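Fit chain C with the ligands to the supplied structure of chain A, relying on the hints for placement.
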Amino acid sequence: MTTAAVTRTTVQPVTFRRLVTSEHVKMRSLRSTWWALAVAVAFFPLFSAMRTSSMVAVAADASPEYLVGPVYVTSGLALAQLVLCGLAVVTITAEYRTGQVRSTLTAAPTRLPALGAKLLVVVVTALATGLVGVLVGWAAAAPTLGAARMTVDLTQAEHLRLMFGVPLYLAAITAFAFGVGAILRSSAAGIASVLGLVFVVEPAFSYVPWAPLQQIATYLPTAAGSRLISSDTMGSVIAGSQSTTLSAWQGYGVLLAWAAAALLVAAVLLRRRDA
Amino acid sequence: MIEAHRLTKRYGPRTVVDGMTFTVQPGRVTGFLGPNGAGKSTTMRMTVGLDRPHGGTVTVNGAPYARHRAPLAEVGVLLDAKAVHPGRSARAHLRALAATHGISNARVDEVIDLAGLTSVAHQRAGRFSLGMGQRLGIAAALLGDPATLILDEPVNGLDPEGVLWVRTLLRSLAAEGRTVFLSSHLMSEMALTADHLVVVGRGRVVADAPVADIVARAGTSAVRVRTPETARLADALTRDPALRVVSTAADTLEVSGADAPTIAAAAAGAGVVLHELAPVQASLEDAYLQLTGGEVEYRAAAPDATAHARPTSGAHR
Ligand SMILES: Nc1ncnc2c1ncn2[C@@H]1O[C@H](COP(=O)(O)OP(=O)(O)OP(=O)(O)O)[C@@H](O)[C@H]1O
Ligand SMILES: [Mg+2]
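Heads up: the sequence lines are chains A and C, in that order. Quick note: to get our numbering, add 67 to the position in the first sequence (first position is 1). Quick note: to get our numbering, add 61 to the position in the second sequence (first position is 1).
Chain A with its partners taken away, still in its complex shape:
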């Protein structure tokens, strides 16, 4: 066999763009990514068709404020977000579990750009998945929407927000989950923390009938973030808290702040810790 220097190899400096390309290759080249995304998207038509057609029989008796089309069309979000949060956590924790992080960081020894590139790929993936999910969900519900006395009308501000808030919400919540994964560096701990927060901590805060706790609950990540995708009349499909203290965009801002805080801690730890 020959030596490495058969041809002179062109090697260029590491840039953020190149790191993003690299992370994109990494994301695409894992079979598990495609499974997760397929499942996440599939929840949308599944739930949207199921819930819309279940309304067909009762729509005549329901009052119109409970017939908000986008709420039914996007109801797959509750489960899709879990899959995408899981994917976000594992994308970073698997680097540590498998040792891949040593390859990643030797190629990008300044570290933070590598984390940023991975975050960007995760967030854009969540955004795209949410968008596709919403559209597929809409298509799946379309045949029965009329019979259920509902519409999806993107010229209505609320409908627009409910529909396109879904990809935005998913982008923010996966960024938060990614940050938690980057802090904990363990798939089990990361997934348990994110699910624990969504399924145990947040409901606990909001269901305990004590005002201060419920106040705090309003500011927890999914409760706050889901304000963006809560119907003024029907509330949200995903959060236990029905508080309306925060406006839709304030709530989303609070979720972004949670994500930013988690990512900041992750960044500081990444700089400090041995890989």
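Since the hints were derived computationally from the structure, they do not count as laboratory data. Worth double-checking, as some hints may not be accurate.
[Said to hold, decoys possible] One-sided excerpt, in silico: chain C residues whose CB lies under 7 Å from chain A:
| id | residue |
| --- | --- |
| 1 | Gly-73 |
| 2 | Val-109 |
| 3 | Gly-110 |
| 4 | Gly-116 |
| 5 | Tyr-126 |
| 6 | Asp-141 |
| 7 | Lys-143 |
| 8 | Arg-149 |
| 9 | Thr-161 |
| 10 | Gly-163 |
| 11 | Gly-205 |
| 12 | Leu-225 |
| 13 | Leu-247 |
| 14 | Met-248 |
| 15 | Ala-252 |
| 16 | Arg-293 |
[Claimed, not checked] Distance ranges between label pairs, derived from CB positions:
| id | chain 1 | residue 1 | chain 2 | residue 2 | range |
| --- | --- | --- | --- | --- | --- |
| 17 | C | Gly-354 | A | Val-267 | 55 to 61 Å |
| 18 | C | Gly-187 | A | Ala-209 | 26 to 32 Å |
| 19 | A | Val-199 | C | Gln-86 | 54 to 60 Å |
| 20 | C | Arg-113 | A | Arg-95 | 28 to 34 Å |
| 21 | C | Thr-120 | A | Ala-255 | 57 to 63 Å |
[Claimed, not checked] When the alpha-carbon atoms are kept at most 20 Å apart in a straight line, the in silico SDA-like pairs for lysine to any residue are as follows:
| id | chain 1 | residue 1 | chain 2 | residue 2 |
| --- | --- | --- | --- | --- |
| 22 | C | Lys-143 | A | Ala-161 |
| 23 | C | Lys-143 | A | Ala-342 |
| 24 | C | Lys-143 | A | Ile-283 |
| 25 | C | Lys-143 | A | Ser-253 |
| 26 | C | Lys-143 | A | Ser-96 |
| 27 | C | Lys-143 | C | Phe-189 |
| 28 | C | Lys-143 | C | Ala-182 |
| 29 | C | Lys-143 | A | Arg-164 |
| 30 | C | Lys-143 | A | Thr-165 |
| 31 | C | Lys-143 | A | Gly-166 |
| 32 | C | Lys-143 | A | Asp-341 |
| 33 | C | Lys-143 | A | Arg-340 |
| 34 | C | Lys-143 | A | Ser-254 |
The structure displayed is predicted, hence computed values, not measured ones. Even glycine gets a Cβ: it sits at the ideal position worked out from N, Cα and C.
Just chain C with the ligands, lined up with the frame of chain A:
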């Protein structure tokens, strides 16, 4: 070129790299030797910025690793632990790595070919055998055509063809003027591959010299004597308590503590006929064991293994 200056690393209360200072020069293969736990892998990880030193500095080609704008062109590294996601194919792994430096897919296929992985490049790395994984790691190290190579036990798990490949590859890379720094526990392989050695024990450098010097320093360790009358010769020789005599075959003795003329004189005095009288040159292994005898941290409990780690008191090969 790799320059470590008073490099120090602690894990909890334990100092595992303790003020190491050494320079790895370009144009030759430098071996990194030391007992288990001596701090070799830790030093290599610090060199490529994965672990943070508690003190001292280490630079590669004149700058700290993280300062290089295209680090993979400066240093190719193979670490002792796995550094590949098992769910990704070998080709995808290398393409992702290549993408960070704008390296072409053609170069990826070139290193795959170089490492002999072409037929399995589409397979998930998790299915790779130890040696195949090692080849993938070497392919990754070569990807950026680096000026410096740092390889932690590269021949670990390789078949004889692979061992030979690594040896010729590293020798030719050094001949091109590159810096090659590798650790290994295989002394015979190291003797064939390396020109220079940095020997460490308990986190400290105990020797930094050309291989030939290190072997020569260990000296002639014994004299092999062949005679039909081994018993009589052994009796004659062991009258001097400073001499140690070991029978290595029915007609062969190995004598340490005396040179050939002394043994010949003793034989003549006893009227014993000698068929062969030959000084036995110490091997790199002997030299290494002498150097690190006091530095071994994890010593096997068996008495013969203990004797092995203190070659002066036992049999010679
Ligand atoms: N991440 C870590 N945390 C705690 N201790 C560590 C860590 N990495 C290494 N050590 C300890 O540091 C010491 C040096 O380890 P290192 O792997 O550098 O040795 P080595 O010379 O490469 O040994 P070997 O020949 O067995 O590969 C060992 O005692 C090891 O247990
Ligand atoms: Mg080691």
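Going through the hints against the structure:
1. Nearest Cβ of chain A to the Cβ of Gly-73/C: about 12 Å, over the 7 Å cut. The hint is violated.
2. A hinted interface residue such as Val-109/C counts as satisfied when its beta carbon comes closer than 7 Å to some beta carbon of chain A; here the least separation is about 5 Å, so the hint holds.
3. Restraint check, Gly-110/C versus chain A: the minimum CB separation of about 4 Å is within 7 Å; hint holds.
4. Checking Gly-116/C against chain A by beta carbon gives a least distance of about 15 Å; that is not within 7 Å, so the hint is violated.
5. Annotation: Tyr-126/C was flagged as interfacial toward chain A, and the flag holds, the nearest CB pair being 6 Å apart, inside 7 Å.
6. Below 7 Å, beta-carbon pairs count as interface contacts, and Asp-141/C has none with chain A, the closest being about 10 Å; its hint is therefore violated.
7. Hint status for Lys-143/C relative to chain A: holds, with the closest Cβ pair at about 4 Å, below 7 Å.
8. This hint holds: Arg-149/C has a C-beta 5 Å from the nearest C-beta of chain A, less than the 7 Å allowed.
9. For Thr-161/C, the suggested interface contact is upheld, since its CB lies about 4 Å from the closest CB of chain A, less than 7 Å.
10. Interface restraint check for Gly-163/C: the shortest CB-CB distance to chain A comes to about 4 Å, inside 7 Å, so the restraint holds.
11. A cut of 7 Å between beta carbons decides the hint on Gly-205/C: the least distance to chain A is about 5 Å, and the hint holds.
12. Using the Cβ-Cβ criterion of 7 Å, the hint placing Leu-225/C at the interface with chain A is not satisfied: the shortest such distance is roughly 10 Å.
13. Nearest Cβ of chain A to the Cβ of Leu-247/C: about 20 Å, over the 7 Å cut. The hint is violated.
14. Taken as an interface hint, Met-248/C does not check out: its beta carbon lies about 25 Å from the nearest beta carbon of chain A, beyond 7 Å.
15. The closest approach between the C-beta of Ala-252/C and any C-beta of chain A is roughly 22 Å, which is over the 7 Å cut-off, so the hint fails.
16. The interface hint given for Arg-293/C is violated, since its Cβ lies 56 Å from the closest Cβ of chain A, which is over the 7 Å cut-off.
17. The given range of 55 to 61 Å is respected by Gly-354/C and Val-267/A, whose C-beta atoms sit roughly 58 Å from each other.
18. A beta carbon spacing of about 43 Å between Gly-187/C and Ala-209/A contradicts the range 26 to 32 Å that was offered as a hint.
19. Between Val-199/A and Gln-86/C the Cβ separation comes to about 57 Å, which falls inside the hinted range of 54 to 60 Å.
20. Our hint of 28 to 34 Å for Arg-113/C and Arg-95/A holds, since their Cβ atoms are close to 32 Å apart.
21. Checking the proposed 57 to 63 Å range against Thr-120/C and Ala-255/A shows it is violated: the Cβ atoms sit about 39 Å from each other.
22. Using a Cα cut-off of 20 Å, the hinted pair Lys-143/C and Ala-161/A holds, with the two alpha carbons roughly 13 Å apart.
23. Taking the CA atoms of Lys-143/C and Ala-342/A, the gap is about 13 Å. The hint holds against a cut of 20 Å.
24. Proposed proximity of Lys-143/C and Ile-283/A is contradicted: the alpha carbons are some 44 Å apart, above 20 Å.
25. A distance of roughly 17 Å separates the Cα atoms of Lys-143/C and Ser-253/A; the hinted pair therefore holds under the 20 Å criterion.
26. About 18 Å separates the Cα atoms of Lys-143/C and Ser-96/A, which keeps this hinted pair within 20 Å; it holds.
27. Distance check on the hinted pair: Lys-143/C and Phe-189/C sit about 11 Å apart at the alpha-carbon level, within 20 Å; holds.
28. A hinted pair counts as satisfied when its Cα atoms are at most 20 Å apart, and Lys-143/C with Ala-182/C qualifies at roughly 17 Å.
29. Only pairs whose Cα atoms come within 20 Å are accepted, and Lys-143/C paired with Arg-164/A is accepted, the gap being roughly 10 Å.
30. Pair hint Lys-143/C plus Thr-165/A holds up; C-alpha atoms about 7 Å apart against a cutoff of 20 Å.
31. Only pairs whose Cα atoms come within 20 Å are accepted, and Lys-143/C paired with Gly-166/A is accepted, the gap being roughly 6 Å.
32. Of the pairs offered as hints, the one joining Lys-143/C and Asp-341/A holds, with about 16 Å between alpha carbons and a cut-off of 20 Å not exceeded.
33. As the CA atoms of Lys-143/C and Arg-340/A are separated by approximately 19 Å, the hinted pair is consistent with the 20 Å bound.
34. For the hint linking Lys-143/C to Ser-254/A, the alpha-carbon distance of about 18 Å falls within 20 Å, and the restraint holds.
In the structure shown, a violation is registered for the earlier hints numbered 1, 4, 6, 12, 13, 14, 15, 16, 18, 21 and 24, in ascending order.
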